[in-house]
Amino acid sequence: MSIAVSLWFPLGVLLLRLLKVKNTVLWHAIWQGIGLVLLLVGFGLGSWLSSKTNHNGDTHIILGIVISVLFLFMPAIGWFHHRHFSARGNTDYKRHIHVWGGRVLLLLGVINGGTGLSLSKAPTSGMIAYGILTAVVGIGYGYIWFRKGRQPGFERVKARPNGPFEMESGTKA
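Yeah, the sequence shown ends on 181 if you go by my numbering, and it's all consecutive.
Quick caveat, the hints were computed from the structure, so don't treat them as lab data.
Hints may be right or wrong, so weigh each one.
[Unchecked claim] Listed below are the simulated SDA-like cross-link pairs for lysine to any residue, each with C-alpha atoms no more than 25 angstroms apart in a straight line:
(1) K30 - K129
(2) K102 - T123
(3) K129 - H68
(4) K60 - G41
(5) K102 - G122
(6) K28 - K156
(7) K102 - W87
Note that the structure is predicted; figures quoted are calculated from it, not measured.
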């Protein structure tokens, strides 16, 4: 589960932001779908282990259940957002729920991964490796997000009612 949350899902977000090919959203959806399978496999293994070790009431277990259930809603929210954007050319609250909900779930998942390592009495080297991995991915994600939104020539698409897409600079897409 920690691989899905700390590595796979963030790479899927970067895939959407950096990949410039036809059907980028489809590739993002496939990638994140595989990540969801990884998450559910990790959840299943964690559930099995918690039943064997009698840790059912721990914060890590409860938070893991909540995070996993909320991740199950993300594909549907993303699909509704994409459908709205494709039809109308603008974004609405579904985009914000999908994007910011995903970011919050990733952060909670990374934190919960750390509590899981502590609960499993993982060696210090494993905790350090996890911390370094999540820090590198988080810093890389933040850097690309910051640069992508501020680089010269990057223009956000805004919608014109019942018309073609128009870039913020006034040129048509």
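Now for the hints, and whether the structure bears them out:
A threshold of 25 angstroms between alpha carbons decides the hint, and for K30 with K129 the separation of about 46 angstroms lies outside it, so the pair is violated. Distance hint between K102 and T123 is unfulfilled; the C-alpha atoms sit about 31 angstroms from each other, more than 25 angstroms. For the hint pairing K129 with H68, the CA-to-CA distance comes to about 13 angstroms; that is within 25 angstroms, so the pair holds. In summary, the hint linking K60 to G41 is not supported, as the alpha carbons are separated by about 29 angstroms, beyond the 25 angstroms threshold.
Annotation: proposed proximity of K102 to G122 is violated, straight-line Cα distance about 30 angstroms (limit 25 angstroms). Restraint check for K28 and K156: satisfied, since their Cα atoms lie roughly 13 angstroms apart, inside the 25 angstroms limit. This hinted pair checks out: K102 and W87 have alpha carbons roughly 9 angstroms apart, not beyond 25 angstroms.
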